[in-house]
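Let the sequences and hints guide you as you build the complete structure.
Order-wise, the sequence lines are chains A and B. So the number in this note's numbering is just where the residue sits in the first sequence, counting from 1, plus 114. So the number in this note's numbering is just where the residue sits in the second sequence, counting from 1, plus 18.
Because the hints were derived from the structure by calculation, they are not lab data. Not one of these hints is a red herring.
From the structure, some residues in chain B lie toward chain A, with a derived Cβ separation under 10 Å:
1. A65
2. Y70
3. G128
4. S129
5. L153
6. K223
7. I225
8. A230
9. I248
10. Y255
11. K273
12. F285
Cross-link-like lysine-lysine pairs, in silico, DSBU-like; alpha carbons within 35 Å at most:
13. K233/B - K328/B
14. K162/A - K223/B
15. K184/A - K220/B
16. K184/A - K276/B
17. K233/B - K220/B
18. K276/B - K165/A
19. K273/B - K184/A
20. K184/A - K235/B
21. K223/B - K165/A
22. K328/B - K184/A
23. K273/B - K242/A
24. K528/A - K662/A
25. K162/A - K276/B
26. K218/A - K223/B
27. K242/A - K220/B
28. K687/A - K568/A
29. K184/A - K223/B
30. K136/B - K317/B
31. K317/B - K220/B
32. K744/A - K528/A
33. K273/B - K165/A
34. K218/A - K233/B
35. K242/A - K223/B
36. K185/B - K184/A
37. K276/B - K242/A
38. K391/A - K403/A
39. K208/B - K273/B
40. K208/B - K276/B
Computed from a prediction, not measured in an experiment: that's the story for all the values here. Where is the CB? At the ideal position from N, CA and C, for every residue including glycine.
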Amino acid sequence: MIFFRIINKSFSAKIFTHLSGVMLLITLTLSIFYLQIQKEYLTNENIKHGKMLTSVLASNVRLGMFAEDKNKISESLGAALSVEDVIGVCAYNIEGQLLYRETKPPWDQTEICIKKKNATGQFFEQLKISPETLYLDNARRIEFWHPVQSASSQLSIDYMYFDEVNAPPSPNDMYVVGFVGLILNKTYLQKAIHEMLNKGVLLLIFFLGLVSVATYFTIREVTKPLKRLINISMNYGISKEAKDDVGVLADTFDNMIVTLNNSFKTINTLKTDLEKKVEDLEGEIQSRKKIELALRESENKFRSISEGIADGVAMIQEGKFTWLNHSFCNIFGYNCEELLGRNAEELLQPAQQQPAGWRRLDKISVESPGSPNQIEVLHKDGNRIIIDIKASKLIFAREPAIELIIRNVTERIKSEKERKKMELKALSLSKLASIGEIATGIAHEINQPLTFVKIAYQAALRDLDEGRFDEKEIRYKFREALRQVARITLITEHLRNFGRKNIASRSDLYLPEVLDDAMILMAERMRLRSQVLIRDIENDLPKIYGNKMQLEQVFINLLQNSIDAIEEVGIGKIRVSMKKAGDFLETTFADNGPGVETANEQDIFEPFFTTKKAEKGVGLGLAIISNIIKEHNGTIEHRRMQGWGATFIISLPITVHH
Amino acid sequence: MHYFNASLLSHMLRIISNKKIFLILFIFISFQKTHAWADDILVVQSAQLQVYNNALQGFETIVLRDISTRGLKTIQPHTVTTRILSAEKNLQHLKQEIARRHPDLLLVIGSSSLALVKGISDIPIIYLLAPNPGLVAGTQDNITGINMNVTAKQQLTSLIHLIPEIKRIGLLYNPDRTGTLVREAEEFAKRIGIHLVALPVKTSKEIPSRLARMKDKIDCYWMLPDQTVITPQTLDYIFLFSLENRIPVLTFAEKYLKLGATLSVSFDATDMGKQAGELALKILNGTKVSDFSPVQVRKVNVRVNHLAAKLLGIDIMALNSHE
Numbered sequence: 115m116i117f118f119r120i121i122n123k124s125f126s127a128k129i130f131t132h133l134s135g136v137m138l139l140i141t142l143t144l145s146i147f148y149l150q151i152q153k154e155y156l157t158n159e160n161i162k163h164g165k166m167l168t169s170v171l172a173s174n175v176r177l178g179m180f181a182e183d184k185n186k187i188s189e190s191l192g193a194a195l196s197v198e199d200v201i202g203v204c205a206y207n208i209e210g211q212l213l214y215r216e217t218k219p220p221w222d223q224t225e226i227c228i229k230k231k232n233a234t235g236q237f238f239e240q241l242k243i244s245p246e247t248l249y250l251d252n253a254r255r256i257e258f259w260h261p262v263q264s265a266s267s268q269l270s271i272d273y274m275y276f277d278e279v280n281a282p283p284s285p286n287d288m289y290v291v292g293f294v295g296l297i298l299n300k301t302y303l304q305k306a307i308h309e310m311l312n313k314g315v316l317l318l319i320f321f322l323g324l325v326s327v328a329t330y331f332t333i334r335e336v337t338k339p340l341k342r343l344i345n346i347s348m349n350y351g352i353s354k355e356a357k358d359d360v361g362v363l364a365d366t367f368d369n370m371i372v373t374l375n376n377s378f379k380t381i382n383t384l385k386t387d388l389e390k391k392v393e394d395l396e397g398e399i400q401s402r403k404k405i406e407l408a409l410r411e412s413e414n415k416f417r418s419i420s421e422g423i424a425d426g427v428a429m430i431q432e433g434k435f436t437w438l439n440h441s442f443c444n445i446f447g448y449n450c451e452e453l454l455g456r457n458a459e460e461l462l463q464p465a466q467q468q469p470a471g472w473r474r475l476d477k478i479s480v481e482s483p484g485s486p487n488q489i490e491v492l493h494k495d496g497n498r499i500i501i502d503i504k505a506s507k508l509i510f511a512r513e514p515a516i517e518l519i520i521r522n523v524t525e526r527i528k529s530e531k532e533r534k535k536m537e538l539k540a541l542s543l544s545k546l547a548s549i550g551e552i553a554t555g556i557a558h559e560i561n562q563p564l565t566f567v568k569i570a571y572q573a574a575l576r577d578l579d580e581g582r583f584d585e586k587e588i589r590y591k592f593r594e595a596l597r598q599v600a601r602i603t604l605i606t607e608h609l610r611n612f613g614r615k616n617i618a619s620r621s622d623l624y625l626p627e628v629l630d631d632a633m634i635l636m637a638e639r640m641r642l643r644s645q646v647l648i649r650d651i652e653n654d655l656p657k658i659y660g661n662k663m664q665l666e667q668v669f670i671n672l673l674q675n676s677i678d679a680i681e682e683v684g685i686g687k688i689r690v691s692m693k694k695a696g697d698f699l700e701t702t703f704a705d706n707g708p709g710v711e712t713a714n715e716q717d718i719f720e721p722f723f724t725t726k727k728a729e730k731g732v733g734l735g736l737a738i739i740s741n742i743i744k745e746h747n748g749t750i751e752h753r754r755m756q757g758w759g760a761t762f763i764i765s766l767p768i769t770v771h772h
Numbered sequence: 019m020h021y022f023n024a025s026l027l028s029h030m031l032r033i034i035s036n037k038k039i040f041l042i043l044f045i046f047i048s049f050q051k052t053h054a055w056a057d058d059i060l061v062v063q064s065a066q067l068q069v070y071n072n073a074l075q076g077f078e079t080i081v082l083r084d085i086s087t088r089g090l091k092t093i094q095p096h097t098v099t100t101r102i103l104s105a106e107k108n109l110q111h112l113k114q115e116i117a118r119r120h121p122d123l124l125l126v127i128g129s130s131s132l133a134l135v136k137g138i139s140d141i142p143i144i145y146l147l148a149p150n151p152g153l154v155a156g157t158q159d160n161i162t163g164i165n166m167n168v169t170a171k172q173q174l175t176s177l178i179h180l181i182p183e184i185k186r187i188g189l190l191y192n193p194d195r196t197g198t199l200v201r202e203a204e205e206f207a208k209r210i211g212i213h214l215v216a217l218p219v220k221t222s223k224e225i226p227s228r229l230a231r232m233k234d235k236i237d238c239y240w241m242l243p244d245q246t247v248i249t250p251q252t253l254d255y256i257f258l259f260s261l262e263n264r265i266p267v268l269t270f271a272e273k274y275l276k277l278g279a280t281l282s283v284s285f286d287a288t289d290m291g292k293q294a295g296e297l298a299l300k301i302l303n304g305t306k307v308s309d310f311s312p313v314q315v316r317k318v319n320v321r322v323n324h325l326a327a328k329l330l331g332i333d334i335m336a337l338n339s340h341e
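This is how it looks when you write it as structure tokens:
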């Protein structure tokens, strides 16, 4: 049972058992086959041996038979008895008469070569015509019979003398002179067969043993990797229920197949993804090619366009000019050949100290790509020129590059400066005009406190003259008079500052105060015309950063325009509102005048545009306002509001302190 | 027969216009066109055997050396044409051809050839190497030849010469076949003081018992060309008897030396051929065949089987051929 259990459990044992079984079967079959062949061979050999012995005897005895000489016959045949398995010999003459019979003890002579007369006759007749030895097989012995032949008893007369005259006697010339019988003992044959069988069995056992040992070691060696595999499988717990080693392997194999299937699925998914990616990539490559083509076309287009424009365009790669258009070269006064390959930094060396950062073209392109910067550089003839320069990073001819676009702005800057000068001059004129216009109001403003001072002094003098000296009252009148003088001083001081050229620096301003200052100059004028100012100002307004004088002039000009506009209206109203709107402070001036005509709306900020009478103004007011507001990074616009005439909204950025 | 090529002749005639020369040539050509005076000898040989060839060679050395006494000697010697009987398909045709050809002389070598020409009576016939010519051809006047049987005298003389110790010689014979020879032998033996033990036999079966009877009574056994005594079985017996009893065997043909005979005294085939040649020349020169009785072989060869002699313990002194 244990044996069968081991066989069932162990693959090696199973193979060993099967192989051994097969080997045993094959060996047994072959052995039986071999023994059978050997047996047949031995029997045949025995017969052959008997036949040969008999034919030799027949040949030897022919002389004795010829002469029927019993002694001779005995001499020829008796020797055969010395052969181990020969038990008897006998000889008959042609008439069937027994000439000789001899046996080996313990065999009795009467036991052999006994034939009934008739039967003997028939047998000898048969033997006479038989070309070879006949044999009779029985349980204990084999009898061999051979005819004794002799050559023709007479030779031709020539043959007596000469060898070759005729052919020697042929078998046909032979004739039978008697018969020889030989009896072999079969015991020897059987003994030989048994010996062979015993040897065969011993050899078989030895061979099987040898083969089994060889098979065992071979299987042990061959199944080593298998065992290792099984041990690994067992250790990994792939299979625990399997009945035998192969079961473990089968389980492992099943597991592997499942894993493999999963792997294949994953691989297929990956493959699909990969194919998709490849497709995408191909698409991308195609589109890139298209892009590249487009880029090339665009580059070509760029070149042709660049050549056609007035701006200078140049490509800098690795710090050197690699491409330039004619305008670029013209701006600097060089031939393009002179500039190609030349160091860009060297050419663009500023003519004088420039703010930091100009030197690094790549920085320009990174920090403010495409935005113009202005630098002053040297023309080939040594003159300074001012250029607007834009730098951007791009890929040119498949290499990283910096594109420079320059414009010669020297003339424009010069004319702008001229314009600025003109504008300042106009502003001064405008201010003077304003002063002129507001002078009446100011005179009246000054006149009122002067009148008060005058009356106070007159009353004080009168009291002093009349001897009425009320110190308390005089003190009051003088203090009041001084306050009025201070007011006059304020007005004159303000007027003086306003008329001065505007170079005051900027500061944080509280805009309602600027309005108050403007009203110092404008209030009396409005009062005289019975016009009212409506203030709609939010509390806690934030400050703005600006030039107080410039902004005061903005307010004065706007107020002046409104005053002029509402002169003919019954009760003139000017409304000034201020409010915070996001990061801006929004100031709205509105009056109840006739407003701006739609046709003139576009031109109102243009210099020297006016609808007033010639003595009233030159048309610079709103243009100056617009410039000042722009300088303060603010905006001014004209709107129409229900119930109001001209309405201007000014937005100024609220000061931000970091 | 020789014929002149006719086209060659006409060519020559054109070249030679001289009448004298023409006459001489005419006479010459006339001679060529007739039977030659030199003789035509036809040899019929039984088989292609060395011994026959030797005999023929001997014959030719004599016949071809001889110059004819007739005709243009330098131009025409005797011609010898040989036909081998064993190579012929039809012996009857050959016989007819011989009759047609009618040679000047027929030399027949071997019994078969002699048997073939038996009956031809108009051509002189010489036989050679035919052991018993009388039996084969009977008696015909035109037949003569060389008898190949060595005489008893020749044989016994040779034996005694070589082994002088021999005093008793045994022999078996059929009186019908070799009785004459035995009688001659007995006479000669008596003269030279040899005791001859000659036992007659009727059948070959008697040989073993007769031989057994001679045991211890003879010093040598003499084998005679007797067909009753010499059979394949008796030969075995004789040589076995010789070996067992250490008795040398004297025989009449060299072939028995190989089988175990000690000594042979036999004819010399070449010399026999020469004898025939001499005989032929005499016949061709006009002597009648009937004037010649068959001639006895004149030269004998004595040969010894040294191995057999050694086995028998016999000391043989001189081995030269003895005439």
